[in-house]
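Number of protein chains: 2
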Amino acid sequence: MSVYVFGHKNPDSDTVCSAIALADLKSKLGVACTPTAQGELAPETKFILDKFGVAAPAVKTEYAGEKVFLVDTSDLAQLPDDIKQAEVLGIVDHHKLGDLTTSSPLECWIWPVGCTATVLTAMYKFHGIEVPKNIAGIMLCAILSDTVIFKSPTCTPADKEAAAELGKIAGIADLAALGMEMFKVKSAVEGTPARELVLRDYKDFNMNGTKVGIGQLEVVDLSILDAVKGDLAADIAALKAEKGNHSIFLLLTDIMKEGSEILIASDDASVVEKAFGVKPVDGKAWLPKVMSRKKDVVPKFEKAFA
Amino acid sequence: MSVYVFGHKNPDSDTVCSAIALADLKSKLGVACTPTAQGELAPETKFILDKFGVAAPAVKTEYAGEKVFLVDTSDLAQLPDDIKQAEVLGIVDHHKLGDLTTSSPLECWIWPVGCTATVLTAMYKFHGIEVPKNIAGIMLCAILSDTVIFKSPTCTPADKEAAAELGKIAGIADLAALGMEMFKVKSAVEGTPARELVLRDYKDFNMNGTKVGIGQLEVVDLSILDAVKGDLAADIAALKAEKGNHSIFLLLTDIMKEGSEILIASDDASVVEKAFGVKPVDGKAWLPKVMSRKKDVVPKFEKAFA
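Protein chains in written order, with full-length UniProt numbering: chain A, 1 to 306; chain B, 1 to 306.
If you are wondering where the hints come from, they were derived from the structure by calculation, not from laboratory data. All the given hints hold, so there is nothing to weed out.
Partner residues are not named here, just some residues of chain B that face chain A (Cβ under 8 angstroms, in silico):
| no. | residue |
| --- | --- |
| 1 | His-94 |
| 2 | Gly-98 |
| 3 | Leu-100 |
| 4 | Thr-101 |
| 5 | Trp-111 |
Label pairs and their calculated CB-CB ranges:
| no. | chain 1 | residue 1 | chain 2 | residue 2 | range |
| --- | --- | --- | --- | --- | --- |
| 6 | B | Ala-32 | A | Pro-299 | 22 to 28 angstroms |
| 7 | B | Gly-30 | A | Ala-55 | 37 to 43 angstroms |
| 8 | A | Gly-191 | B | Glu-130 | 57 to 63 angstroms |
| 9 | A | Glu-161 | B | Glu-130 | 19 to 25 angstroms |
| 10 | A | Gly-128 | B | Val-31 | 25 to 31 angstroms |
A virtual CB, placed ideally from N, CA and C, is assigned to each residue, including glycine.
Assemble the whole structure, with the sequences as input and the hints as a guide.
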């Protein structure tokens, strides 16, 4: 019986690429593993897998009775609804410690770095196993994506070192050029329904008993989103009503200007001012230097909702 | 400002020795750390620290506003009452994943092995830092204690390898002899009040909303406890009433016969039969092969209470 390896809902590139890498590593260590994803892959992730000739993992949402390894999250809200009926053998992650608990001992590699693939690079090294060339390529892309080409405040020296090593194995000399190529794919929104854009990198959080959703779109220039911004604002309001959330925020991140516009749908929009000291106008606000949901946004909202 | 490193309430030898080792390792990696303990040390632990000339950590129970590393647990019930007001930088552990959550990314090394000190042995190696001779000695003792001289079902090949390496560094040739010396210290109960024996290695668990306490005494021969067994049974009944627990169980483990007698104080003693298939007589039952609270006992009670 195969062990499944997967990450969070609305899979991003790190969740998918790290699941593939951990399945490869564990299989080589004698535990037969299959990578899966909890949903359809984003265009950026498809681009990455195509570029390095790696097969996309199957979409699978039910895991009752299965053995699993998790990557890139330990939050129940981001895990399958039946995760409590699965046996979690381990977690590789780079986030805060979530509310998943287990009834048996497990293996956790969780480091405060910019990307799960960085932890996996260390795990390959620890076990003395070489990263295959194509997997090195997708792991490198995961790091470039999660650290916004090393610009995010979540980026650590360990991420840069891992990216350099992976670039060597994958035969990629210009890491920044690969990053821009990826982010241009990510920036293409034309013809994509607003709901799909909102959910592309969306996570629900339980903040002190309050359900808060935070989505993020990263683009190489915010003006790309001018034509769809009205639709996005309307859609997060609609999604908030459908899900019964207290709030849904959508971060429109300009990776070159290094800041985010936040679109707000909330029962109490004052939490934004409480969190960032900026008064929203017309349900939105510009947040300079805010690049990372995890580091710049979630902790501030958690305090505001405490 | 120093970062504090400590483990669970009612500190056992692994919690104390691993806190000392992690504080040493982190300090050498540039994060000044001080080991502490949440309570007085057990006789076995004092013997270990004396034997290798290592200073006992100070007892400290309040951590609000402090930065901390945790060892040997991630269960809130086993952590200080004010842990939510501390910043948890990381966890080194070998148990199931508990209900601690954090609001920031952290560093976790949690492996399904017999002892936290085994994980620490790998961490020293990962960072290319030599384990000091005296700390190798106490880490070795932690492994011998937690794995009951390699006899516990929790013992893995990694524990044996780590113990062998640490033995070499510490200059200990006969590991089993050191283990027996330790367990003889642990077995001495004469003149010790029943409450102190019950609490010596006692943990509370939240099992599906039910508060369940499980203590354990490990002796080289169960007959050592004949004279105090009545007092122990009376004391867990009293402690149950004081704490308002649903159940308190005390495991009297015979490390040579490799099994445990369980003393029962419970609102519903049938959970013992449900968990182990053995009908208790006079509030107690012999459980053959049951050596490890973590592996042989907690998962079975968690199912029985589910």
